[in-house]
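**Q** Chain by chain, the residues:
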Amino acid sequence: SQQGEEDPQALSIQEGENATMNCSYKTSINNLQWYRQNSGRGLVHLILIRSNEREKHSGRLRVTLDTSKKSSSLLITASRAADTASYFCATGTGFQKLVFGTGTRLLVSP
Amino acid sequence: EAGVAQSPRYKIIEKRQSVAFWCNPISGHATLYWYQQILGQGPKLLIQFQNNGVVDDSQLPKDRFSAERLKGVDSTLKIQPAKLEDSAVYLCASSSPGAAVGEQYFGPGTRLTVT
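Just so you know, the sequences run in chain order R and U.
Everything in the first sequence is counted per this note's numbering, starting at 626 for the first residue and increasing by one.
Everything in the second sequence is counted per this note's numbering, starting at 5 for the first residue and increasing by one.
No lab work stands behind these hints: they were computed from the structure.
Where is the CB? At the ideal position from N, CA and C, for every residue including glycine.
Since no wrong hints were added, every one of them can be taken at face value.
Okay, derived cross-link-like pairs now, DSS-like style, lysine-lysine, Cα gap no bigger than 27 Å in a straight line:
#, chain 1, residue 1, chain 2, residue 2
1, R, Lys694, R, Lys722
2, U, Lys19, U, Lys66
3, U, Lys82, U, Lys15
4, R, Lys722, U, Lys66
5, U, Lys48, R, Lys694
6, U, Lys48, R, Lys722
7, R, Lys681, R, Lys695
8, U, Lys48, R, Lys651
9, R, Lys695, R, Lys722
10, U, Lys48, R, Lys695
To give an idea of the chain U side of the interface with chain R (calculated C-beta under 8 Å), a few residues:
#, residue
11, Thr35
12, Gln45
13, Gly46
14, Pro47
15, Gln52
16, Val59
17, Asp60
18, Leu95
19, Ser99
20, Glu107
21, Gln108
22, Gly111
23, Pro112
24, Gly113
Construct all of the structure, not just a fragment, from the sequences and the given hints.
**A** Set out below in structure tokens:
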């Protein structure tokens, strides 16, 4: 079963704009992670935020976590064409176990 | 360091045939995962190994799917017999107890088409 629901399902923006995608989940978590998947390639880990953290930054990425609302958001600033990919949130539960969401397809046009 | 290796990258079979996928995790990674990713969906965990023991196989269709991890390193996932709905990308991932909790490293996947 998939725990996370991501919104929007698809997002189309121009280079230089910011992209925001949201993730909602259902059960208690240890951490929440975001992964990127380019066409024809495997998943790549982007960032991890623990359940006791509220915000985390990594380069052009900013992740927030609201455990009271069971939701998270991923912000990519100053998007580039190379950011075109599918983005998945994954909730960390139990022993090193991840449950992935449904994903957001991001298209960044030059 | 070398990443997670998988083979083959692509496989086309007819329904009711059998197929096997191979995965070699990152050296030293004790935990190995197999996921199924159907087109347009997120990956779904099929089985999780810790060394050569099974931690979670609750979503593995055991009537047709089997997996093993001999010697706690390489792993194979088998489907016998395959059904049309098994068409998907099969992803292998590994993680280390020393890494950030839950961070997983994925291989390129095997794209299976069942006709």
